[in-house]
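As they're listed, the protein sequences go chains P and G.
Counting from 1 along the first sequence, just add 12 to a position and that's the residue number in the working numbering.
Note that the working numbering numbers the second sequence so that position 494 is 484, with each residue one more than the last.
Keep in mind the hints are simulated off the structure, nothing from the lab.
Keep in mind that the hints are not guaranteed to be accurate.
Stated by the list, open to error - Here are the simulated EDC-like cross-link-like pairs (lysine to aspartate or glutamate), alpha carbons at most 16 Å apart as the crow flies:
#, chain 1, residue 1, chain 2, residue 2
1, P, Lys145, P, Asp77
2, G, Lys369, P, Glu101
3, G, Lys551, G, Glu517
4, G, Lys90, G, Asp165
5, G, Lys294, P, Asp77
6, G, Lys403, G, Glu611
7, P, Lys128, G, Asp4
8, G, Lys356, G, Glu336
9, G, Lys422, G, Glu462
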Amino acid sequence: MVLGLSVSAFAADKLDGCGLGWQVTDKKSYTGTTTRGTTNVFVPPTFGMTTGTIGCDKLDIASNDKEAADYVATNFEVLKTELARGEGEYVSALATAMGCQSAASAVGQKLQQNYKQVVTPAQSALELYNNIKTNVQGVCI
Amino acid sequence: MTSFFAIQSWSFQDISTQDLSWTQNKPWKALLHYRPRAFLHGEASTVDGGDFFFAENGNVDPKAEAIAFSKALQENKIVGKLKQPVYCGFPERTRFLVEKTKLQLPEEIRNQDCKYYKTYINQFSAPQKISLVFSSAYPNNPASMFGHTLLKVHSKRQSDLLDVGLNYAAVVSDDENPFAFFWFGVSGGYEGRWSIEPYYVKVQDYINFESRDLWEYEINLTLDEVRRLIDHVWEIEANSYSGYYFFDENCSYQILSTIEAIKPNWNLLNDYNIYVIPGESVKFLANEPESIRSVNYRPSLFRKAIAHYELIPTDERPLYNEVLKKKSEVDLTKLSVPALDTLLIEMDFKRNQDKKFANQWLNFEKAIRIERASRGVVKSPIDLSEKATSPHRLTRPDIGHDSYSVQPTLGYKKAKAINTNIDQEKSYLSFKIKSAYHDLLNSDSGYSQFSEIDFPWVQFSVDNKNKVRLDELGGLQTISLSPVSHFKTPISFKAKIAVENFDYFGDQFYYAHGGVGFGLTTNLHNEDQRLYSLVTLDSEIAPEFQSGFRALPGLEVGYLKDFSNIYKLQLLTKFKCNVFRSSECRVESDIELNHSIFLKRNHEIRNTNSFRQLFFEQKIEELHFGLNYIFFFN
Chain P
13 MVLGLSVSAF
23 AADKLDGCGL
33 GWQVTDKKSY
43 TGTTTRGTTN
53 VFVPPTFGMT
63 TGTIGCDKLD
73 IASNDKEAAD
83 YVATNFEVLK
93 TELARGEGEY
103 VSALATAMGC
113 QSAASAVGQK
123 LQQNYKQVVT
133 PAQSALELYN
143 NIKTNVQGVC
153 I
Chain G
-9 MTSFFAIQSW
1 SFQDISTQDL
11 SWTQNKPWKA
21 LLHYRPRAFL
31 HGEASTVDGG
41 DFFFAENGNV
51 DPKAEAIAFS
61 KALQENKIVG
71 KLKQPVYCGF
81 PERTRFLVEK
91 TKLQLPEEIR
101 NQDCKYYKTY
111 INQFSAPQKI
121 SLVFSSAYPN
131 NPASMFGHTL
141 LKVHSKRQSD
151 LLDVGLNYAA
161 VVSDDENPFA
171 FFWFGVSGGY
181 EGRWSIEPYY
191 VKVQDYINFE
201 SRDLWEYEIN
211 LTLDEVRRLI
221 DHVWEIEANS
231 YSGYYFFDEN
241 CSYQILSTIE
251 AIKPNWNLLN
261 DYNIYVIPGE
271 SVKFLANEPE
281 SIRSVNYRPS
291 LFRKAIAHYE
301 LIPTDERPLY
311 NEVLKKKSEV
321 DLTKLSVPAL
331 DTLLIEMDFK
341 RNQDKKFANQ
351 WLNFEKAIRI
361 ERASRGVVKS
371 PIDLSEKATS
381 PHRLTRPDIG
391 HDSYSVQPTL
401 GYKKAKAINT
411 NIDQEKSYLS
421 FKIKSAYHDL
431 LNSDSGYSQF
441 SEIDFPWVQF
451 SVDNKNKVRL
461 DELGGLQTIS
471 LSPVSHFKTP
481 ISFKAKIAVE
491 NFDYFGDQFY
501 YAHGGVGFGL
511 TTNLHNEDQR
521 LYSLVTLDSE
531 IAPEFQSGFR
541 ALPGLEVGYL
551 KDFSNIYKLQ
561 LLTKFKCNVF
571 RSSECRVESD
581 IELNHSIFLK
591 RNHEIRNTNS
601 FRQLFFEQKI
611 EELHFGLNYI
621 FFFN
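I would like the entire structure built from these sequences, with the hints used as guidance.
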């Protein structure tokens, strides 16, 4: 149970409609804290009707790419940081979402080595996803 | 909708001719979410809306509900928010009914395409296990110590972040004002709804945005039970809702009641709960024998940030701070890998706190990432696991003391009226009874360190002349002493609302007391201690005071230390200005030495010692000693 007003600090990020959009709000919580997770403002309007994607429907992504694309979109910043480190939980989850969980450390190392080609030029989550996908071919079956 | 078929091999079955005594037993009633009614006889369902019931009185009559449900199921009636057949909308209830009544459903019903249900199930990616997840307190926010619980459904892939979070919460608009929020929240004015999100979204919310730890308790359920729980959440959410009551029918209540619907032989909820505190609800589950397989800990971003910062060699710290000031003007190749890793976390931290992050830090962050990528994979030596952390620093809810407490105290007071030189002595026995939750001198195991929130409580005493008296009626007391750190400078604060007793030299009366304080705290480079100072303002209201009230601005300085969760010490001095005729300040002071010994979970001994000076018609000095035993329970 929490007391207080809902607020959330969402981070500013435009992800061209793919993945959850976040905005920083000015509001602060009072005595307690709640977020979308506790007093949940975000209630999917048709529980069970979503296909597990959050906004990537409009874009030209094959259905078996959707989970990975959504994942990259929502975790855009933390993933870029972990790719710079070449390993971590988010890199492993990325490999899993792309269907090559057992090659997670190889995926991490390769993307770190090619960081300047894969991550640095990517302006959007979709671009990053496509760069990653191209780059891990051969490592990720 | 399918038409009502006419097949020779099937005919409508009226179950009312069977023995329906099973409808009076817990397994069926638990699926309908029945609970004893607070002020009336009998039981009623906590599910409030829509198409959850088929009998007119289905929320109070389990047998009528079974009969009506069976009829609607066989008629393939269309129900619920998604306008689907009963068979698709109530998979768990159907399974249960068929098992109990041996109902034969025709192929047309069993083979129909439940497309919405299928879409829902496909989101879980071969569900294997379910965990109860608890989020700990937010730093500098004692009210958040009550916490929150949600469910996590593990898939076969064994990838935490890609698992699915099932969350029950109130639907509240973003700009609701705090009074409406409190009013509707307490009275059930909001709808409680279940929702699904990938677990990485929950992690973002709790770990990153809010800097809360997550504790995951893997529930001992079979594969079949996991599937049935998911089905049961579907049948609630696709057809109905429950009123969300902050205190007693909140996230934790609904989660426990949903687990009980699948495991009716578990007793997770008392018949009556004044409130269900999320942290305590974890204990209700864990106390059920063999209910938990394992516990997994996920530390908050803030904890990670502090751990990384401490890993930077001391002689590199000046360079680190210079880099933060001058950014890319500094040669990043000079920084060690720990320093780069810490910078990256610090950027993550700033991103979640600071609106202007993009303008000030984005390019710098890019440069750091590129530099870090050039250094290769370097495993961090930091171990933030549960094993590596001392118990009193863990926010794991099931190891902490319970919520209610009874505190008998043996006390002695000696007061002296300075002007008249009269002494007053008394010894007494008092009892404090408190419903929640945690104070500064309690064992911090399972709680945020040095954080207090108490409400409500009552204290009464018996003196050596056998006179019984109400000492204090407490509304709320909270203190937060979050230390300043490299990453942030939180404002420490305290607040109290209570009715207290004044008893000196023949003057005996009650007064209302409201007090607040704000200031700063440092931990002097030791997580287990705090040194703080607060600017305070207390107001006391009673007709016995001159002008009916006293306003006392003041200053409080305190020191606290925790010795390995065995012993805690507090030194405290307070100075208040008793503003006399709005020009003169008569200084009231209070010096205290308090300490506790922790015997075991739920059992503590405390000794309090104070020397006070105050003014009421004259100057009064008082020495006070107390010896308390504190016993917690749920």
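Problem set entry | Hints the structure fails to honour | 4, 5 and 7
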